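Engineer: Heads up, the sequence shown is in the working numbering, so the first residue is 2 and it goes up one at a time.
Hints in this document: simulated from the structure, not taken from any laboratory.
All values reported here derive from a predicted model rather than from experimental measurement.
Do not take every clue at face value.
25 angstroms max Cα-Cα, derived SDA-like pairs, lysine to any residue [as the list claims (entries may be wrong)]: (1) 341 with 95; (2) 77 with 393; (3) 71 with 179; (4) 109 with 179; (5) 439 with 418; (6) 71 with 109; (7) 24 with 3; (8) 211 with 232.
What follows is a list of derived Cβ distance ranges for each label pair [claimed, not checked]: (9) 421 with 56: 40 to 48 angstroms; (10) 3 with 330: 14 to 22 angstroms; (11) 437 with 6: 14 to 22 angstroms; (12) 97 with 6: 33 to 41 angstroms; (13) 203 with 333: 45 to 53 angstroms; (14) 425 with 199: 50 to 58 angstroms; (15) 293 with 425: 34 to 42 angstroms; (16) 123 with 396: 21 to 29 angstroms; (17) 192 with 68: 33 to 41 angstroms; (18) 357 with 426: 17 to 25 angstroms; (19) 336 with 378: 19 to 27 angstroms; (20) 97 with 342: 24 to 32 angstroms; (21) 335 with 444: 52 to 60 angstroms.
Built from N, CA and C at the ideal position, the CB exists for glycine as well.
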Amino acid sequence: MRIVYPPGPRGLPLVGNLHQIRKDKIAFMLETASHGDIAHFRLGPTDAYLVNHPDHIRDVLIERSDVLPKDWLQRKIVSPFFGNGMLITNGEEHARQRRMAQPAFHPKRLDSYGRVFVEQTLHGIAGWRSGGEYEIDTEMLKMTIQNVCLTLFNADATDIVARAAVAMTTIMDLLSMEFDLALPIPMWLPTEHNRRKREAIRELDSIVMKFAEAWRKSGQDRGDLLSMLMLAHGEGRGGVTHDELRDHLIVMFAAGHETTAFTLVWAWVMISQHPEVEAALWEEVDRVLGGRPPTAEDVPQLVYTSMVVKETLRLYPAGWILSLRQPGEDIRLGGYTIPKGSRIFISPYVTHRDPRYFSEPERFRPERFRPGLDQNIRRGSYIPFGIGPRVCIGNGFAMMEAVLILATVAQRYRVSLLPGQTLVPRGNLALRPPPGVKVRVTERLRSAAAA
2 MRIVYPPGPR GLPLVGNLHQ IRKDKIAFML ETASHGDIAH FRLGPTDAYL VNHPDHIRDV
62 LIERSDVLPK DWLQRKIVSP FFGNGMLITN GEEHARQRRM AQPAFHPKRL DSYGRVFVEQ
122 TLHGIAGWRS GGEYEIDTEM LKMTIQNVCL TLFNADATDI VARAAVAMTT IMDLLSMEFD
182 LALPIPMWLP TEHNRRKREA IRELDSIVMK FAEAWRKSGQ DRGDLLSMLM LAHGEGRGGV
242 THDELRDHLI VMFAAGHETT AFTLVWAWVM ISQHPEVEAA LWEEVDRVLG GRPPTAEDVP
302 QLVYTSMVVK ETLRLYPAGW ILSLRQPGED IRLGGYTIPK GSRIFISPYV THRDPRYFSE
362 PERFRPERFR PGLDQNIRRG SYIPFGIGPR VCIGNGFAMM EAVLILATVA QRYRVSLLPG
422 QTLVPRGNLA LRPPPGVKVR VTERLRSAAA A
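With the hints as constraints, model all of the structure from the sequences given.
Structural biologist: This is the structure in structure tokens:
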């Protein structure tokens, strides 16, 4: 049967569009989307499709998720770093892993996490001085690393923050290089790339397995994720193996801090560049909190703060490439036949900028998420955490954390972006700001709670 391809960017013989992707992934995906709701391109000899219509996105991520598993290339590249965790597993194994971790993200547990988020934010800004200059990405990473360690693993991360940040940056850079090549680099090759890979993996392994060692000394079930995994690990046959324990811990550690930290960096950048947003944010936190630290119970009243986070996630979704799926059989999508073995991409970064679904899409406008108005957003057009059976298990955790950190800092400080910085997002595996985003902080108030 002759395949009729949808329109898409012209590629080169043999390499297809790989040279364009390597040059600028984000620009390439934006240009590809301009060809239509389903656009065709090539990764070397392999057909690839960018799906950019809410109906088709729902079709891929919900209705046909059973015949559209995670792509084999993605699994091969990611597994040396993150093992066989929820990022790459499919079918019943993925469902089993989610069921195991789900209790740690129950709404009742999130309420208890809120106290940790605020305490660690206050601790993090205690050393700030009014008029001081800081790298806001470093500051946010410190807070979110501590938060994920204390809430999910009951472990103080003070001594490992710098090590963890370096290891994660190295891993994400190496992953991006392998995705650019569109093939996994075998670990046995004696290359500088693999040397750095092994060192970063060892560093991350040593960090998360120390959490497990500390738990074994007490054996106390605290109801957190680590306790659940450790107790399952101790069940013997049918329980969690050592490798599975390691994989779960690394996935939760990595996913639990980086995405929120970078979302907050972009939020501070946007707030600094939009005085009207800054003023509305200050008005809300002062009115709702009255000078006291926020709590989880305040989150429903921090409506505008939540809107700021949601709009930041629209423009700068950490998971900017949400899905790389591979049909297990020929499928029909949007009037086209997508052959078995092709690769299907979905990019929230691209879809969130479609003027059909978001007016003035490049403008930072939190009001579009005002309660009531947000009901007009077409389902499948706003997907910062994904949708369907693989929706991010920690989306409630991440939203609460971002709102509480934003409110706690904004209550006490004005965060102003220093001039002369070129802040272009990097489309690696996650959407990352450039390193070293410099800001100046100016004290707003001195409450009794902050004193």
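Engineer: Take the hints in turn and mark each one as holding or not.
Structural biologist: Do the hints match the structure? See the list:
1. Restraint check for residue 341 and residue 95: the C-alpha separation of about 22 angstroms stays at or below 25 angstroms, so the hint holds.
2. A C-alpha spacing of about 21 angstroms is found between residue 77 and residue 393, which places the hinted pair at or below 25 angstroms, so the restraint holds.
3. Taking the CA atoms of residue 71 and residue 179, the gap is near 17 angstroms; set against the 25 angstroms cutoff, the hint holds.
4. The suggested pairing of residue 109 with residue 179 is violated, with an alpha-carbon distance near 40 angstroms, which exceeds 25 angstroms.
5. Distance hint between residue 439 and residue 418 is fulfilled; the C-alpha atoms sit about 6 angstroms from each other, no more than 25 angstroms.
6. Taking the CA atoms of residue 71 and residue 109, the gap is near 31 angstroms; set against the 25 angstroms cutoff, the hint is violated.
7. Annotation: proposed proximity of residue 24 to residue 3 is violated, straight-line Cα distance about 32 angstroms (limit 25 angstroms).
8. A distance of roughly 16 angstroms separates the Cα atoms of residue 211 and residue 232; the hinted pair therefore holds under the 25 angstroms criterion.
9. Distance hint check: the CB atoms of residue 421 and residue 56 are about 44 angstroms apart, consistent with the given range 40 to 48 angstroms.
10. Take residue 3 and residue 330: their Cβ atoms lie about 18 angstroms apart, and the range 14 to 22 angstroms holds.
11. Between residue 437 and residue 6 the beta carbon distance is about 43 angstroms. The supplied range of 14 to 22 angstroms is therefore violated.
12. Taking 33 to 41 angstroms as the suggested C-beta distance range, the pair residue 97 and residue 6 conforms, at roughly 37 angstroms.
13. For the hinted restraint 45 to 53 angstroms between residue 203 and residue 333, the CB-CB distance of approximately 46 angstroms keeps it satisfied.
14. Evaluation of the 50 to 58 angstroms hint for residue 425 and residue 199 yields a failure: the beta carbon distance comes to about 31 angstroms.
15. Taking 34 to 42 angstroms as the suggested C-beta distance range, the pair residue 293 and residue 425 conforms, at roughly 39 angstroms.
16. Checked against the given bound of 21 to 29 angstroms, the beta carbons of residue 123 and residue 396, roughly 25 angstroms apart, stay inside it.
17. Between residue 192 and residue 68, the C-beta spacing of about 37 angstroms keeps the proposed range 33 to 41 angstroms intact.
18. Roughly 23 angstroms separates the CB atoms of residue 357 and residue 426, a value that falls within the hinted 17 to 25 angstroms.
19. Between residue 336 and residue 378 the beta carbon distance is about 25 angstroms. The supplied range of 19 to 27 angstroms therefore holds.
20. Against the hinted window of 24 to 32 angstroms, the Cβ-Cβ separation of residue 97 and residue 342 comes to about 26 angstroms, which satisfies the hint.
21. Range check, residue 335 to residue 444: Cβ separation about 54 angstroms, and the 52 to 60 angstroms hint holds.
The structure does not agree with the numbered hints 4, 6, 7, 11 and 14 stated previously, though it agrees with the rest.
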